[in-house]
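A.B. asks: From first to last, the protein sequence lines are chains U and Z. With this note's numbering as the guide, the letters of the first sequence map in order to residues 1 to 579. With this note's numbering as the guide, the letters of the second sequence map in order to residues 580 to 923.
If you are wondering where the hints come from, they were derived from the structure by calculation, not from laboratory data. C-beta atoms are modelled at their ideal positions from N, C-alpha and C, and glycine is treated no differently. Be aware that a few hints might be false.
[To be verified] Across the chosen pairs, the derived CB separations fall in these ranges: (1) U:Ala-150 <-> Z:Thr-819: 57 to 67 Å; (2) Z:Thr-819 <-> U:Arg-119: 54 to 64 Å; (3) Z:Ser-887 <-> U:Pro-181: 18 to 28 Å; (4) U:Gly-460 <-> Z:Tyr-857: 21 to 31 Å; (5) U:Gln-512 <-> Z:Ala-646: 28 to 38 Å; (6) Z:Thr-711 <-> U:Glu-399: 37 to 47 Å; (7) Z:Ala-720 <-> U:Gln-512: 18 to 28 Å; (8) Z:Ala-838 <-> U:Gly-460: 23 to 33 Å; (9) U:Glu-85 <-> Z:Ala-803: 48 to 58 Å.
[Said to hold, decoys possible] Examples of chain U residues toward chain Z, derived with CB under 7 Å: (10) Ala-174; (11) Ala-232; (12) Ala-316; (13) Arg-504; (14) Arg-507; (15) Glu-511; (16) Ala-515; (17) His-520; (18) Arg-527.
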Amino acid sequence: MTAAGVRDWDPGDGRISTSGTRVPAWSADVPVRPAGALPPLAPDRGPPVLDWSEVVEHLREGLVVCDTAGVVRHLSPVAERLLPEVTVGRVLAASGVEGLRAPTHGDEFSHRGRRLRIRQVPLSTGGCCWYVEDVTDNITRADALLAERARAAFLARVGEKLGNPLHPDRAAAAVARLAVPTLADVAVLVLAPRSGRARWWRATRADDGAPSVDVGVLSAADLPAAVDEGLAGFEPQVPDWLVEQAVDAGWLTGVTAADVSVRVVPLPGRDLPAGVLLVARGACRYYDEADVELVRAFAARAGAALTTAVLYRDQAEVADTLQASLVPVEPAEAAGVQWGTAYRPAQAGLRIGGDFYGSHRLPDGGSVFFLGDVSGKGVEAAVFTGQLRQCLQALHRVEAHPGRLLRLLNDALLETTQANGQGRFATIVLGVARPRGDGGLTLSMSGGGHLPPLVLRASGEVEPVGLRGMLIGVVPDPRVGEVSVELAPGETCLLYSDGVTEARGGRRGDEQFGADRLVHTITGCQRMPAPALAERVEQVTCDWLAHGDHDDIAVLALRATGPQGRSMRHLHAVPALRH
Amino acid sequence: MTVPTTAPAPALSPADAYHGFLDALAEADEYAAVDVALGLVDAGVPAERVLLDLVAPAQAEVGERWARNAWSVAQEHAATHISERVVAAVAAHANPHPTRGRIVVACMDGEWHALPPRLVAEVLRLRGWQVTFLGASVPAAHLVSYLHRHDAHAVALACALPMRLPHAHRMVEACRRSDVPVVVGGRGFGQDGRWARRLGMAWAPDAPAAADLVADERALRRVAPADVSLLADDEYAGLTKRRGELIESALCALRERFAGMRKYSPAQLDSTVSDLGYIVDFLAAAVYVDDPSLFTEFVEWLVGILVSRGVPAASVGLTLAHYAGELRDFPRAARFLGAARALV
């Protein structure tokens, strides 16, 4: 058997054995014997006589065998190549190789530009054997692997931080901050100029970890040429020149210009770059190709985040404007009435829903008020409430009688829904409040299939108002309920949507809040100002829900404030009756 | 002459004005309360001092009176509403010009104690910040979508009840994902903010401290990360899952033991159910931050509240014993229940 026949023999140091057929991808520079060179093992051969010196010649570890006196007795060719200073017949310690002085086990040292790992094994005959291995390639590979892992971890963290849509300014600040300290001591993000001005964010390395970020603006004409080039989509290549430009722009205050290395990379956008990232670091730590690759990978993620942020902002602006027109408007101030409202749409991220309320002042000093609920939820329902409120806004100018106004509204809605082919309808309570001479209010209300209002009397008791009627927007001439209610000063009328009474919660989370609990909630609250009462209903309902899903919730409370209104303030020196 | 001769001399310091102000709150007299506060401002007291030395202590007293059962919930709500009006009036009177970035102030989802964060909001405004106050019980989704639309320098988040700490934690994490630093405050994080530290949040004990903290962005971002090993076992998740079942069985146990409960009105029954729920929620929160004192402090407080309303402390003891029996498989929760039972 020859040395080449030693296969599947594990040298015991954890490395992969040099099995002929399986060549690890990373061992391109390790001499590999082709499979064809292996003589087939003949099972019928007798026990071979081993020539050990020939076997060990081909180990990747070199061998240095010493006798008891420390004199080298044998030197394998590998050891000879790695340690040319060592010669057979001379004392090993006298060879001048530092790493061979003391007995060691598994030590590493540098020798002639290579990294060697040695271990010393005592021999039973006395003396010892040194195994010497060249691990330079392993170390380089391990270093490269660690660096790659660090880069992957960095990019993962960047992805996580920039993965959420952010406000564009937040995203820009985050990009600059994330680049320090991994990529740079100073990182400057310059956004593509808008109307001739380019905003920049600069993160500077601080000794205690978190980089400090500052912002500034440059006119597009004053941008350094390299940034301009980057904004056009090219990566400027002359590093020295970049340092000069970055210093001129006033960005490199913290580092010494002489040993600074600067790179500029564009951040890919939708068409042209969204901006440019300038990274700088001092102390002669120049950017090699791997570093620049990492900066580019970072720039790709940063560019995507900035683009998403801008896209999100543009769409959010549109959505905001549309939402603002659909959010219920707070009731108009009116003499003798204190309004209280609460509104909680079903979709928390959205500020609008299918419930609506509002009021309009009448020329005679009274007010039209209403609260209702349209079929459906979310944006479509909100759009319908918008149409409905606009109808009312126009119609109350021609008709101030609640019942007739409700019928007019019904006709208008019927026409709209039929024209649009959508089967939408609404429930509503619509009333007119007129101040009485004594500071009370007279409420004339009409009902379109909505939950009946409650009246909180001065005694603290709660009375339901008998108000019925049919849904509106369904049939041409609906039956409309009408009722008149007198409020003495301090008494309150409460309108609410079914999001209150049908809120599901309680012990098992499936019980409806119900009208009884609502009545109990406001009983005895006769001294509460209307806004506090509305908030109380909202609070108790939400507590009942305990974070569960809910329908839109709307509450409108109107309280008769009494004759004096704000002039009551001068009476406070008079001691009030205590109960 | 119609000028009342009994009118008190205008107060010159918040301490002098305190009793008059409390009376105005007790009478739900918004105009009188506003007059007292604006009188101080007109007399040269800085608006910030009026908010912190008059409105804040008065509101603490309002809470005390409710806890002692001296005031009804309705009175407490009315007084709180008037305090809010006073804050608005003082803020409008001072009308500071914003020169600094935007701070978003909000109450946790489910939190209705809006006045303390409102005071923080106004103190920040007086110090030149552009403040958006989102109000009581702000859903996390609403807050996050606001942060996406408006560039905020920081978020100030209030939590008055420790039982909402798990929600607060999630909300803070959501803000951080939007890359906006958060400062938290309120009694929900413990008197010394220890639960905020446990959950890795920047905490401010009062409005001026919150103002100092938001002014130092690097300090805001330099927060020791949360000890996530707290959630390594699934006791918190298990407790929230079994919440309904625990309440139901505790109610049965109470009915068996206390004959009087069979005659409870629906409203009394509801409040018993919600008290039983609070006990589970506080226990879950204590498990979440792994601190038995969160639960024992709550039980002491609850016993005080119930006794002042004529409910026997034994009912709390019985409930704790019942929960302990049901939660034998929850070693931490069982330990906390044991500590609380020793108190009752």
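A.B. asks: How does the Cβ-Cβ distance of Thr-711 of chain Z and Glu-399 of chain U compare with 37 to 47 Å: does it lie in that range?
C.D. replies: holds (40 Å)
A.B. asks: Under 7 Å is the threshold here; is the Cβ of Arg-527 of chain U close enough to any Cβ of chain Z for the hint to stand?
C.D. replies: Interface hint status for Arg-527 of chain U: holds (5 Å vs cutoff 7 Å).
A.B. asks: Tell me if His-520 of chain U is really an interface residue toward chain Z, meaning its C-beta lies closer than 7 Å to one of theirs.
C.D. replies: This hint holds: His-520 of chain U lies near chain Z, its Cβ roughly 5 Å from the closest one there, short of 7 Å.
A.B. asks: Could one say that the CB atoms of Gln-512 of chain U and Ala-646 of chain Z fall in the range 28 to 38 Å?
C.D. replies: holds (31 Å)
A.B. asks: If you take the shortest Cβ to Cβ gap from Ala-174 of chain U to chain Z, is it below 7 Å?
C.D. replies: holds (5 Å)
A.B. asks: Ala-720 of chain Z and Gln-512 of chain U, beta-carbon distance inside 18 to 28 Å?
C.D. replies: holds (25 Å)
A.B. asks: Under the criterion of a CB-CB separation shorter than 7 Å, is Ala-232 of chain U in contact with chain Z as hinted?
C.D. replies: violated (28 Å)
A.B. asks: Can you tell me whether the CB distance of Gly-460 of chain U to Tyr-857 of chain Z sits inside 21 to 31 Å?
C.D. replies: Between Gly-460 of chain U and Tyr-857 of chain Z, where Cβ atoms are some 27 Å apart, the hint holds.
A.B. asks: Check the following: the C-beta atoms of Ala-838 of chain Z and Gly-460 of chain U are separated by a distance inside 23 to 33 Å.
C.D. replies: holds (30 Å)
A.B. asks: Using the nearest Cβ pair, does Ala-515 of chain U come within less than 7 Å of chain Z?
C.D. replies: With Cβ-Cβ at 12 Å, over 7 Å, it is violated.
A.B. asks: Let me know if the C-beta of Ala-316 of chain U comes in closer than 7 Å to any C-beta of chain Z, holds or violated.
C.D. replies: Interface hint status for Ala-316 of chain U: holds (5 Å vs cutoff 7 Å).
A.B. asks: Take a look at whether the Cβ-Cβ distance between Glu-85 of chain U and Ala-803 of chain Z falls inside 48 to 58 Å.
C.D. replies: holds (54 Å)
Hints 1, 3, 11, 13, 15 and 16 from the list above are not met by this structure, while the remaining hints are.
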